[in-house]
Amino acid sequence: MAFTINVNGKTHTLDVAGDMPLLWALRDKIDLKGTKFGCGVASCGACTVHIDGKVTRSCVTPISSVGAGKVVTIEAIGETPVGQAVQKAWLDVDVMQCGYCQAGQIMAATALINATPAPTDKQIDDAMTGNACRCATYLRIRQAIKTAAGVSTADTREV
Amino acid sequence: MSITTLKTATEDTPELSRRFFLMASAAAGGGLMLAACATPDVTDGAATVAAAPARPVELPIDMNAYVAIGSDGTIRIMAKNPEIGQGIKTMLPMLIAEELDADWSKVRIEQAMADQTRYGNQIAGGSFATPQHWTPHRQVGATARHMLLTAAAAKWSVPVAELTTGPSVVKHAASNRTISYGELAADAAKLPAPEKAVIDGLKLKDARDYRIIGKDVKNWDSPRIVRGEPIFGIDVVVPGMKYAVYEKSPVFGGKVVSADLAAAKAVPGVVDAFIVRQVGTDLMGLLDGVAIVADDWWTAKEARKKLNIVWDEGATASQSTVDYNRQAADLAKKAPQVPNLHNSGDAATALKGAAKTLEASYFYPFLVHAPLEPQNTTAHVKGDGTVEIWSPTQRPDGGLTLVAAAVGVEKSAIKCHMIRCGGGFGRRLSNDYMVEAAAISKQAGNIPVKLLWTREDDMQHNPYRPAGYHNFKAGLDKDNKLVALTNHFVTFGTGDKPGSSAGLPPTEFPAAFIPNTNYGMSVIPFGVPTGPLRAPTSNAVCFVYQSFLDEIAHASAKDPLAFRLELLASASAPAATPGRAGFSPKRMTDCLNSVAERSGWANRSSLPKGTGMGIAFYYCHQGHFAQVARVKVDQSGQWRVTKVWVVGDVGSHLINPTNARNQVEGSVIDGIGEMRQQITIDKGRTVQTNFFDMPLIRMNEAPQIDVHFLITDNSPTGLGEPALPPVLPAVANAIFAATGKRVRNLPITQADLRWA
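Those sequence lines, one after another, are chains E and G.
Sequential numbering from 6 applies to the first sequence in our numbering.
Sequential numbering from 1255 applies to the second sequence in our numbering.
Quick caveat, the hints were computed from the structure, so don't treat them as lab data.
Honestly, I wouldn't trust all of these hints.
Said to hold, decoys possible - With a straight-line cut-off of 25 Å between C-alpha atoms, the simulated PhoX-like cross-links for lysine-lysine are:
1) G:Lys1937 with G:Lys1559
2) G:Lys1636 with G:Lys1606
3) G:Lys1610 with G:Lys1995
4) E:Lys93 with G:Lys1457
5) G:Lys1812 with G:Lys1610
6) G:Lys1606 with G:Lys1587
7) E:Lys93 with E:Lys59
8) G:Lys1360 with G:Lys1457
9) E:Lys34 with G:Lys1472
10) G:Lys1425 with G:Lys1444
11) E:Lys75 with E:Lys127
12) G:Lys1560 with E:Lys34
13) G:Lys1444 with E:Lys34
14) G:Lys1897 with E:Lys127
15) G:Lys1360 with G:Lys1459
16) E:Lys93 with G:Lys1560
17) E:Lys93 with G:Lys1472
18) G:Lys1472 with G:Lys1425
19) E:Lys127 with E:Lys93
20) G:Lys1450 with G:Lys1469
21) G:Lys1444 with G:Lys1457
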């Protein structure tokens, strides 16, 4: 059946099963490969996109549930000032190892800063714990989020 | 769309390839290029890196492959090894660029094809790349620079000796002339490539003149990653491609009896479904399974539910972790099947005469690699007998061997693109997914297919880090000196041979540092595939040995640091321990003293109850590392590592310091994560399925980390692995310091760490 969804400001009409997750519509039907598949069960965060600005795990989001929601993916996140600042911070801090999870991390971090412009370490933990990095670049992700938010990069957690 | 960003160097930049020409027109470098290489043994990297240091390998290496300079001054440098997140794609070209005296801003890095006739061994494993390429890759750069100097000397009719280079320019001070590399490139290309003797005679830079080595150079692919560009294996698209899934027996090596192929084929969007048969006997090769090919991956995956496959599960179906544990306990009561894996002095007699003895048994479980990008490969076995493959692999050549056998072509008929891997950790040294993709492409009628596994496929079909059981006895003399150590090690394998990565280095520390040692081994027969996980063997053995040494230190009422320093200073210690060649007690002593100072080890008695510090060290992959962990355990037994101090010695240079620190931080956090993980086997199959029952460590669990390197007068060595092993015992020893409870079994989630 046909579904019309809005992705990165463009309208796409897809003839797919209603239970096809948004992730696979993005990757295989709209050819937006930046959103990644990691687990298929919302356990790793690699597939994170925004729908109407909210963090959404696209691997468990049926396309039938998207409706008129505005989907934004990593390919377009740099079009917003916060998204651009997050991308730049990721480069300045040299976060990447393999890089596979980082699209999801950047999407989650951008949503965090949009909602909480000066996040604390606790707020970063709470917002980012759903996004796994198998290379464990967590310290640099933390630093990059603070850099993008323009707050002190000091680690304030109890030692 | 995607493929244009994934093609090889010359295909990728056709406008450049016309202007580019290859600098050294003949492959005169020949065997020189890897003359100082060690041969990696990926089956047991930790043990063998030391066993065969710097074994010369003569390989036909094509120097053309590495450097090309355009008339506009653009310098193209090929990255020869697979990139799995270790940063090699950025780091190896730095070595060439340094001695070429290149302007780094003019360098473009491109990923090489899998082609061992041109590039020599192409592998991501064993932390070998730095020691292997440190000299040869600098010589590549120096040779290119030499040719530019020769061209400039001819152009200006001056002796080469009067010329110098700056960033991408040749200068003649006497006449105040300067010319760019781009302007010289055409002339340099007409020169014959230097003879080996000339290359050997080229003087490499003095380290104080380095402009690139030792500077933070950012990960080359990062700008594309933050934009979500399609650069991973899973992103490959080729024209006419279909999507495939492959269902294998949940019991390792099981055979397909029947499957409802018609039901799967009836699903709209499914193109084909068929049974694929096993080729060979390798559990990490092509095994029996059922393939579904469809117009998109989701459709193919959903159609698996219709297959109703009946399996002949085979003998492994009777195996389980519970039964392995029972067998291990039985074996531990008997004499070891291999009584003298290592024997020095007379440990039995020394134990009888000891003033004090200790006994302890340790266990660590099977582990899975779980790189975040699920296994995948795009393959096209063409009707004309050639094959093209796009694969995220750590060891393409092993995959090509499997593919050649499975689809019936020569390896030379296979073109293989090495695509950036979304993590490796040793998993992609096995190429089962590559051969599956090729077999499916052929059987589907020679169409290109992208095979992609689910996370569950990956969790349940993996060369697991083997579990192991260590049964120790130690003897102290009346002066509390360690005089005897025995270990009956129970592992997995065939006959009396341990499986891949299931061995124990025979001279495991402190074997050569105390007078009486005996290590014996018994082997549980099993049918589960095992293989190297980041810092293979070491990631397990370090935990048990450095934990038990901690127990001995406490039993002898010694500071765990002082006890280790005393062992390292033992008069019986040889200069280089057999089987661990390159291990230096002096370098390790320096690491321990440094980490003690940085962590405030001496002041740890002021910590409140429930907070403790632990120390450990390890030598593997030619790296010396000592670590201190601080752990907080609350009264309910919940624990958190709050800080880890790391001091490492990997030689005279950190080639790319930002990546060096990143690798160490990642290793430490990865190691802590392993302490909460396990894979268990029941009825011959893996129990765990996904990240909710095999948890990955998360942001909130990652401690602060202080990374420090001792710069020493030793050739640089690798960093993908050696920083990982010490963190496990450092954390376990810290938990003991915090609670008085000794962690002898992993995962630690099974331990009761409550205290009052």
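Here is what the structure says about each hint:
1. Between Lys1937 (chain G) and Lys1559 (chain G), the direct Cα distance comes to roughly 22 Å. Compliance with the 25 Å bound is thereby established for this hinted pair.
2. A C-alpha spacing of about 70 Å is found between Lys1636 (chain G) and Lys1606 (chain G), which places the hinted pair above 25 Å, so the restraint is violated.
3. For a cut-off of 25 Å, the pair hint linking Lys1610 (chain G) to Lys1995 (chain G) stands: about 21 Å separates their Cα positions.
4. Taking the CA atoms of Lys93 (chain E) and Lys1457 (chain G), the gap is about 40 Å. The hint is violated against a cut of 25 Å.
5. Distance check on the hinted pair: Lys1812 (chain G) and Lys1610 (chain G) sit about 14 Å apart at the alpha-carbon level, within 25 Å; holds.
6. At most 25 Å may separate the alpha-carbon atoms for a hinted pair to count; Lys1606 (chain G) and Lys1587 (chain G) meet this at roughly 18 Å.
7. Proposed proximity of Lys93 (chain E) and Lys59 (chain E) is supported: the alpha carbons are some 21 Å apart, at most 25 Å.
8. With a CA separation close to 24 Å, the supplied pair Lys1360 (chain G) and Lys1457 (chain G) stays within the 25 Å bound.
9. A C-alpha spacing of about 33 Å is found between Lys34 (chain E) and Lys1472 (chain G), which places the hinted pair above 25 Å, so the restraint is violated.
10. Under the criterion of a C-alpha separation no larger than 25 Å, the hint pairing Lys1425 (chain G) with Lys1444 (chain G) is consistent with the structure, at around 20 Å.
11. For the proposed pair Lys75 (chain E) and Lys127 (chain E), the alpha carbon gap of about 29 Å is over 25 Å, so the pair is violated.
12. A distance of roughly 23 Å separates the Cα atoms of Lys1560 (chain G) and Lys34 (chain E); the hinted pair therefore holds under the 25 Å criterion.
13. At roughly 50 Å between alpha-carbon atoms, Lys1444 (chain G) and Lys34 (chain E) are farther apart than 25 Å, so this suggested pair is violated.
14. At roughly 17 Å between alpha-carbon atoms, Lys1897 (chain G) and Lys127 (chain E) fall within 25 Å of each other, so this suggested pair holds.
15. Restraint check: the Cα-Cα separation between Lys1360 (chain G) and Lys1459 (chain G) comes to about 20 Å, which is no more than 25 Å; the hinted pair holds.
16. Note on Lys93 (chain E) and Lys1560 (chain G): the hinted pairing is violated, with a Cα-Cα distance of about 47 Å set against a maximum of 25 Å.
17. Taking the CA atoms of Lys93 (chain E) and Lys1472 (chain G), the gap is about 13 Å. The hint holds against a cut of 25 Å.
18. For the proposed pair Lys1472 (chain G) and Lys1425 (chain G), the alpha carbon gap of about 29 Å is over 25 Å, so the pair is violated.
19. Proposed proximity of Lys127 (chain E) and Lys93 (chain E) is supported: the alpha carbons are some 23 Å apart, at most 25 Å.
20. Between Lys1450 (chain G) and Lys1469 (chain G) the alpha-carbon distance is near 30 Å, which puts this suggested pair outside the 25 Å criterion.
21. A C-alpha spacing of about 23 Å is found between Lys1444 (chain G) and Lys1457 (chain G), which places the hinted pair at or below 25 Å, so the restraint holds.
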